[in-house]
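First to last, the sequence lines map onto chains A and B. Anchor point for the first sequence: position 270 equals 269 in numbering that gives the first Met the number 0, and the numbering is continuous, going up by one each time. Anchor point for the second sequence: position 108 equals 107 in numbering that gives the first Met the number 0, and the numbering is continuous, going up by one each time.
No lab work stands behind these hints, which were simulated from the structure alone. Backbone N, C-alpha and C fix where the C-beta goes; we use that ideal spot for every residue, glycine too. Be a bit skeptical, because a hint or two may be false.
To be verified - Under the rule of at most 25 Å between Cα atoms (straight-line distance), these lysine-lysine pairs were calculated in the BS3-like manner:
| hint | chain 1 | residue 1 | chain 2 | residue 2 |
| --- | --- | --- | --- | --- |
| 1 | B | K105 | A | K476 |
| 2 | A | K506 | A | K218 |
| 3 | A | K534 | A | K506 |
| 4 | A | K132 | B | K81 |
| 5 | B | K81 | A | K476 |
| 6 | A | K490 | B | K70 |
Unchecked claim - Sample of chain A residues at the chain B side, in silico, Cβ under 7 Å:
| hint | residue |
| --- | --- |
| 7 | P22 |
| 8 | C138 |
| 9 | G248 |
| 10 | Q339 |
| 11 | A371 |
| 12 | K444 |
| 13 | S450 |
| 14 | Y451 |
| 15 | E458 |
| 16 | V465 |
| 17 | V467 |
| 18 | P478 |
| 19 | E480 |
| 20 | E555 |
| 21 | I557 |
| 22 | I559 |
To be verified - Okay, the calculated bits of chain B under chain A, using three or more residues with CB under 8 Å as the criterion:
| hint | segment |
| --- | --- |
| 23 | 55-63 |
| 24 | 94-102 |
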Amino acid sequence: MFDKRKIDEVSKERIRWEQTSLPNWIKQSSERKEEFRNTSNILIKRLYTPEDVKALDYLHDMGFPGEFPFLRGVHATMYRGRFWTMRQFSGFGTAAQTNKRFKYLLKEGETGLSIAFDYPTIMGYDSDHPMGKGEVGICGVAISSLRDMEVLLDGIPLDKVTTSMTINGPAAMLLAMYVAVGDEHRVSREKLGGTTQNDNLKEYFAQKLCIYPPKPSLKLTTDIIEYSTRHLPRWNPISISGYHIREAGANAVQELAFTIYDGISYVESTLQRGLKVDDFAQRLSFFFASHNDFFEELAKFRAARRLWAKLMKERFHAKNPRSMWMRMHVQTSGCTLTAQQPLNNITRTTIQAFAAVLGGTQSLHTNSFDEALALPSENAVRVALRTQQIIAHESGATNTIDPLAGSYYVEALTNEMEEKAMEYIQKVDDMGGAIVAIEKGFFQKEIADSSYKYQREIEEKTRTIVGVNDYQITKDKYPIELLRVDPQVEKEQVANLNSLRKTRNNKKAEETLDKLERSAEKDENLMPAIIEAVKAYASLGEICIVLRKVYGEYKELIVI
Amino acid sequence: MEETRKIRVLIAKPGLDSHDRGAKVVARALRDAGMEVIYTGLRQTPEQIAETALQEDVDVIGLSILSGAHKTLFPRIMKLLKKQGLTDVMVFAGGIIPEEDVTEMKKLGIKEIFGPGTTTEQIIHYVTDNLPKRD
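Throw the hints in and build the complete structure from the sequences for me.
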């Protein structure tokens, strides 16, 4: 961006400054540390100057928003046109209770829904399965059949509100239920908008909610991508997720690299179905965490967009620029929240959310300050949403596009994050791809090592966490308004299931399940058979049992 | 008598939640502190936990749960341990267990609950300081 003569002058002057001016200052007050590093172990320099971005070619490496390589944003107007979607993840108890929370959030100004399912649902068990005892409706809403989904979405305008569903193993079943409710509400399938997380690969090394072995899971993920491409044009069939990779302990570069590698794998598996890259790539979406280091995070978001754009263009030969854009959802980092002095978490969340906005996210979830202690209370959820609204309306950061671009530090760090991520991508390529890396425990080991290192840094106090290893207070009791899920929920769910099995046409339900089994054996796209089964009120558990029979269950590879 | 046998610890994750970051960090720290650590992975039923504790002849069990199902699962685990005659095994727990549940959990015989922010150092000390001597 600078001519060579100018850079040489800057270099000369920098050296002079380092030799003459700086030593006196350091003599008076030495620096706090020998060296400064971010979580990705990237060495942070004392000062960044034009020298650090001298190779940057503006038109080639940065460009304009809405155009390749999308470094500066995926839309030409960004937040001057429309703010990001404020999407708070929520769900607990019965479908009726969560429906009430959804309506509350929509009234408070939320612009999209995001469904949290309970663990039995996530693992493909009905609410009456013995493995789910004590878990029904606790960490999310219990959905065992289309009947529950009908209640959950009652009165929600599915043609106006988009819905994100955090579901992976049974994503096809939940999407099928959503489609079925859409049909009942007479909303055309072309109008159904939303996202299924449907990123099964990361389950094996990050979120670890796996039902089937990796290969059939990848097949199910691809079924949804293929089906959505053909029938649900406004649906994001997948949210390729770094969030869980990060929360499991990865650093920012690992999060970036492993997420993008999963993305590469999904593109490859979808191409094998005979679809063209430009048919489906524009609907792929991403999901990242925003952790504490403000600059590391925003550089990560920017690097992610440019890296993905280049891969889509150069590796997969996409032609449509939209196939190269990376649209992302960001959630502030749950694992940075502290149980100690919980109000401090509001500040952490604000910094993280601000990084996401300056990083150009399309959608954002801000965590509630009480989440290290329990499920968020209504008051804490409101503060979290207000944090986003304050950034949007009051901070001024939304008035221009990509405001930190051109900062020597930000651009240098963006480059370095991208380079380091590329090294990992090369490594996994050499290993033979994501499934091989999972089976070897490569991702698992990388994450476990980073997580252990981070914990050591906190314990050795080389990393300060305010209120945890420094600035503690002795009387640290914050009155937490505990959101307790009534154990009655489980009983109610079980009763509902019993009633469902009595009142539905059992013969029809069984027929659809048999049909699904045959379809799975023939390796067909399972979406049509699953939609048929949910419409016959076959339960989630029953559908998953059929597939457990065909595919087997995953046995965890334990890597400490 | 000099202790010749390494302290044997079972780190177990009951419940369906998959937040194993804490369990793994604790497992590794106890191992680095010279203990024999058995980590059995996610989603262990109370029956599996009691069975592993018996088979592996452990001195200590660390339970990790973040799903909120501790009130259902911990009583079952403690009951099964008793049934197996494992009353001398020291049990501690960690994860997201609200303050107001701690007394109830301790009444079951769980010796200590370690919440978020606990250092591995504290857990190591707790185990070595409180472990009853075995023959």
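Hint-by-hint comparison with the structure:
Under the criterion of a C-alpha separation no larger than 25 Å, the hint pairing K105(B) with K476(A) is consistent with the structure, at around 20 Å. Taken as a hint, the K506(A) and K218(A) pair is broken in the structure, with Cα atoms around 29 Å apart against an allowance of 25 Å. For a cut-off of 25 Å, the pair hint linking K534(A) to K506(A) stands: about 13 Å separates their Cα positions. Proposed proximity of K132(A) and K81(B) is supported: the alpha carbons are some 21 Å apart, at most 25 Å.
A hinted pair counts as satisfied when its Cα atoms are at most 25 Å apart, and K81(B) with K476(A) does not qualify at roughly 34 Å. For the proposed pair K490(A) and K70(B), the alpha carbon gap of about 16 Å is at most 25 Å, so the pair holds. Because the closest C-beta pair between P22(A) and chain B is about 39 Å apart, greater than 7 Å, the hint is violated. Among the interface hints, the one on C138(A) holds; its C-beta lies about 6 Å from the nearest C-beta in chain B, closer than the 7 Å criterion.
Among the interface hints, the one on G248(A) holds; its C-beta lies about 5 Å from the nearest C-beta in chain B, closer than the 7 Å criterion. Interface hint at Q339(A): satisfied, since its Cβ lies 5 Å from the closest Cβ of chain B, which is below the 7 Å cut-off. For the restraint placing A371(A) at the interface with chain B, the shortest Cβ-Cβ distance is roughly 5 Å, inside the 7 Å limit, so the hint holds. The criterion of a C-beta within 7 Å of any C-beta in chain B is not met by K444(A), whose closest approach is roughly 11 Å, and the hint is violated.
The interface hint given for S450(A) holds, since its Cβ lies 6 Å from the closest Cβ of chain B, which is under the 7 Å cut-off. Of the supplied interface hints, the one on Y451(A) holds, with its beta-carbon coming within about 6 Å of a beta-carbon of chain B, less than 7 Å. Given hint, E458(A) at the interface with chain B, holds; its Cβ is 5 Å from that chain's nearest Cβ, closer than 7 Å. Interface hint status for V465(A): violated, as the beta-carbon distance to the closest one in chain B is roughly 11 Å, over 7 Å.
Below 7 Å, beta-carbon pairs count as interface contacts, and V467(A) has one with chain B at about 5 Å; its hint therefore holds. Interface hint at P478(A): violated, since its Cβ lies 10 Å from the closest Cβ of chain B, which is beyond the 7 Å cut-off. The beta carbon of E480(A) comes no nearer than 11 Å to any beta carbon in chain B, farther than 7 Å, and the hint placing it at the interface is violated. Hint on E555(A) holds. Least Cβ distance to chain B is approximately 5 Å, under the 7 Å limit.
Checking I557(A) against chain B: minimum C-beta separation of about 5 Å stays under 7 Å; hint holds. With 7 Å as the threshold, the beta carbon of I559(A) comes within range of chain B, its nearest partner Cβ sitting at about 5 Å, so the hint holds. Closer than 8 Å: that is the beta-carbon criterion, and the segment 55-63 of chain B has 0 residues meeting it against chain A, so the requirement of 3 is violated. Interface restraint, the segment 94-102 of chain B with chain A: holds (4 residues with C-beta to C-beta distance below 8 Å; minimum three).
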